[in-house]
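Got chain H; can you put chains W and B on it based on the hints?
Protein chains in written order, with our numbering: chain H, 1 to 333; chain W, 1 to 334; chain B, 1 to 284.
Calculated directly from the structure, the hints in this document are not laboratory data.
Please note that the accuracy of each hint is not assured.
Each computed EDC-like pair below joins lysine to aspartate or glutamate, with the alpha-carbon atoms no more than 20 Å apart [what the hints assert, rightly or not]:
#1 Lys175(B) with Asp106(W)
#2 Lys175(B) with Asp72(W)
#3 Lys21(B) with Asp278(B)
#4 Lys175(B) with Glu186(W)
Nothing here was measured: the structure is a model prediction, and the numbers come from that model.
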Amino acid sequence: MSAPPALLQVRDLNVRMPTPAGTLHVVRGVTFGVQPGEMLGLVGESGSGKSVTLRALMGLYRRPVTVSGTVEFAGQDLLRASEAQWQATRGAQIGMIFQEPMSALNPVLTVGTQIMENLRTHRGLRGRAAAERAAELLDLTGIPSPRARLNDYPHQFSGGMRQRAMIAIALASEPRLLLADEPTTALDVTIQDQILRLLLRLREELNMSVILVTHDLGVIAQTCDRVAVMYGGRLMETAPVGALFREPRHAYSLGLLRSLPGSGARRAPLQPIPGGPPNLLALPPGCAFSPRCAYASGACLGAEPPLVPVAPDRASACVHAAALPSLTGEVSA
Amino acid sequence: MTARPLMDVRGLSKAFPAPQGLLARLRGEPRRAVQALSDVHLSVQRGETLGIVGESGCGKSTLARCLVRLQDADQGEVRYEDLDVLRLRGLDLRRYNRRVQMIFQDPYSSLNPRMTVGQMLREALSVHRLRPRAEQDARIQELLTLVGLPPAAAGRAPHEFSGGQRQRVGIARALALEPDCLIADELVSALDVSVQAQVVNLLLELQERLGLTVLFVAHDLRLVRHLSHRVAVMYLGRVVEVAPTEDLFRAPKHPYTQALLAAAPTLDPARRADAPAITGELPSPLNVPSGCAFRTRCPHAFARCAAERPLPTDVAGAQVACHLYSAPDGAVPG
Amino acid sequence: MTATLTPAAPAAPRARRRWPKPTLLIGLGLLALLLVAALFPAQLAPFSPTEFDYNAILQGPTARHPFGTDNFGRDVLSRVIYGTRIDLQIALFTTLFPFIFGTLLGAVTGYAGRWSDALVGRVADLVVVFPFLVLVIAIVAVLGPGLTNLYVAVSAVGWVSYWRLTRGEVLTQKKAEYAQAGRVLGYSPARILLRHLLPNAVTPAIVYLMTDMSLGILLGASLGYLGLGAQPPTPEWGVMVADGKNFMATAWWISTFPGLALTLAGVTFSLIGDGLADVLRPRT
Chain H
1 MSAPPALLQV RDLNVRMPTP AGTLHVVRGV TFGVQPGEML GLVGESGSGK
51 SVTLRALMGL YRRPVTVSGT VEFAGQDLLR ASEAQWQATR GAQIGMIFQE
101 PMSALNPVLT VGTQIMENLR THRGLRGRAA AERAAELLDL TGIPSPRARL
151 NDYPHQFSGG MRQRAMIAIA LASEPRLLLA DEPTTALDVT IQDQILRLLL
201 RLREELNMSV ILVTHDLGVI AQTCDRVAVM YGGRLMETAP VGALFREPRH
251 AYSLGLLRSL PGSGARRAPL QPIPGGPPNL LALPPGCAFS PRCAYASGAC
301 LGAEPPLVPV APDRASACVH AAALPSLTGE VSA
Chain W
1 MTARPLMDVR GLSKAFPAPQ GLLARLRGEP RRAVQALSDV HLSVQRGETL
51 GIVGESGCGK STLARCLVRL QDADQGEVRY EDLDVLRLRG LDLRRYNRRV
101 QMIFQDPYSS LNPRMTVGQM LREALSVHRL RPRAEQDARI QELLTLVGLP
151 PAAAGRAPHE FSGGQRQRVG IARALALEPD CLIADELVSA LDVSVQAQVV
201 NLLLELQERL GLTVLFVAHD LRLVRHLSHR VAVMYLGRVV EVAPTEDLFR
251 APKHPYTQAL LAAAPTLDPA RRADAPAITG ELPSPLNVPS GCAFRTRCPH
301 AFARCAAERP LPTDVAGAQV ACHLYSAPDG AVPG
Chain B
1 MTATLTPAAP AAPRARRRWP KPTLLIGLGL LALLLVAALF PAQLAPFSPT
51 EFDYNAILQG PTARHPFGTD NFGRDVLSRV IYGTRIDLQI ALFTTLFPFI
101 FGTLLGAVTG YAGRWSDALV GRVADLVVVF PFLVLVIAIV AVLGPGLTNL
151 YVAVSAVGWV SYWRLTRGEV LTQKKAEYAQ AGRVLGYSPA RILLRHLLPN
201 AVTPAIVYLM TDMSLGILLG ASLGYLGLGA QPPTPEWGVM VADGKNFMAT
251 AWWISTFPGL ALTLAGVTFS LIGDGLADVL RPRT
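Isolated chain H (complex conformation) (with noise of 0.2 Å):
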């Protein structure tokens, strides 16, 4: 990944969480980059990491949970600044939006009172101007009469209102980075249609970098400039999100892809990936998608393959990499 000097760059980022059964590993060595103005997604299924790999960026984990590694942002390691350090970056340079806005937005406190908190906080805006700059960002988000709409309260507004206000509310500090975990989840299929598209136009226009964590390959082929998928707690991939979809590189990036209704006739059988997702607390000697494997054999069963390059800004963790077919074609609607 040889590129201009990235916004972010993440390496060999670790997460531990204790639990009564052990130790899980949830996120194991992963590595990556985001430039300037540069959408990412971060896909995988449930226990994947992603969403872990999200919070640990944004320094969400306390004592027991250990994150190790580097997480450099604009040149300074997150990991090892101190609290005020943190302070300064956290809210204020990288923004953070997610999957339920009604468990966080505070339901007491208008939208308005919530977004000139961050305006005061961070842009050291009060009164008249806080109030003027609050409206703007409502109104940036695609609020309707957001001058009257300060004084309301989260429950009075509908679903994708309530995440436009919290768009509104990262946004207030001007952040260099948005990191959004699954923030569509929740949405009806318009309503997350308007919202990505938001996301897009507010990236254009504030050249910020995003960080989207997702299941779903639809939002990440309709929105993201670049992809990482993620499995059992690793990078199995990273590529441009036109190359993930035409021709994947890690023989699980295939089997999910695969696996989606409308790569062959209707009503004909799928191709699902056998078996089910790992058990972080068993996971099986090599690759961790071996078990479910179509294409795994000896080689898959040493050392746990590295995310190694395969191509000009493309990345793989498979020992069959070249040896896996394109898509062309098969994958349509």
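Structure of chains W and B alone, referenced to chain H:
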């Protein structure tokens, strides 16, 4: 639509009273209601898969629940062959439920956590006296094999299974009654993508083998397109369009269907829209717009849409409830 | 094409056996001890619990009378041992009926709802507006003192807690999809309620039952102390504490040892309740 339908829904309506505050009640404000289903017409042919799609609050789940009598409809009629479904009681209702089974969405709450899989299946067989006691074990094994579970599954409790396996158990429990119609409400939406395909294949295979009629209620358009012979699109308690699957996805006629399909994210990164397919929020189901429910978000809306509710009209093999198609000189949107 | 072509996911690893917490084991151990004392008092107690011995009045703890003797020369240790049976009996009979009646009523009204729920709810409100102890004392005062009347009085009041707990739980459980599946499968309401909902809804009531047993013992003791429960010379712990109160300054052992026995029984049931809550939690 020549054959007599297996199930025929006519003018089905259902409203839920909205929770009302004490103050509002004391002031004597009229009690408001959520119109979950409003004059729904639908027919299901024997052996087909009818997909029912729509966004939250469109009434698709309420429809499914009314059809198995988990919910009582306010108005309308449901015919199942010669049965007047909404008037069935007691033993007749149980006989009907034997023929029309439902599979639930949540693999975690749809199985009694304190019973083993074998106990659940045996209960279903015993209650309906489907097998003498001596043959029940064999039948349980048969059912488990049918849904692709190992024989040992009979002795295990739900917590020992993964989400996909639990859905298989739910399917086996429904099949124990030897139904001829399955209503699947969001069958796979709680499962991981890679596991969804496993359960979808099972449904396809079972339908083939057992000649089942399936009502597939889902919000995943790709899945509905793959599985269904015909698709009904619902919006705010109304069926706005019913059409053969390929027609509906290739050439959607109702403006809402068009918007819904355009909004669904495609897997092709090269086909990316700049603007949202449709603006505006879903209206509150407490306050459905007059006339056509979709008119507030419809790019083609005109005066008549507010005044008069459009009736389903036959348009090239589809039923569409839109004034664009009933108006004498209405412009047909492309 | 056969249905079995679709490979099922390998069975999720069997959940590791959940060992009961040490609290439960300690609680059960103590209960066993109490049961032995209740079942075989004659074998354990060195003396008769009721026989007077005027040669050994108000003796402090000695090797012969480890818990001392009371003002009639009765051996306190023997009386404490014989009291176990009575107090365990009180624990059982003050809770069993409220548990059974309250739980079943809660299940039925929670499931049926409507007027039955409203009706029982009003009756329950009526019962709880009076302080528990005051109401029990009032009823016993009307019926007359004695253990049987004590059981009647506690039962008339105590069911409300079980009704509340079970009703709430059934209200939650009946919304679960497995309950709805039961309806679609054509199961009778009685089957759905008793076979499916109740086993999933009864846990809080069972846990509360354990706490309630220790409260029951204390209640029995309190009423015994007030002279409304067990009547002297029955060796009931509460009565013994009451009997000893006049001698607190000179012969502390008369009240203290039965008091400790009360505490021990209370702790026993609390530990069991705590441990049961963990064991009975359904696994998901």
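Consistency of the hints with the structure:
Only pairs whose Cα atoms come within 20 Å are accepted, and Lys175(B) paired with Asp106(W) is accepted, the gap being roughly 12 Å. Among the hinted pairs, Lys175(B) with Asp72(W) is consistent with the structure: their alpha-carbon atoms are about 16 Å apart, no more than 20 Å. About 8 Å separates the Cα atoms of Lys21(B) and Asp278(B), which keeps this hinted pair within 20 Å; it holds. Using a Cα cut-off of 20 Å, the hinted pair Lys175(B) and Glu186(W) holds, with the two alpha carbons roughly 17 Å apart.
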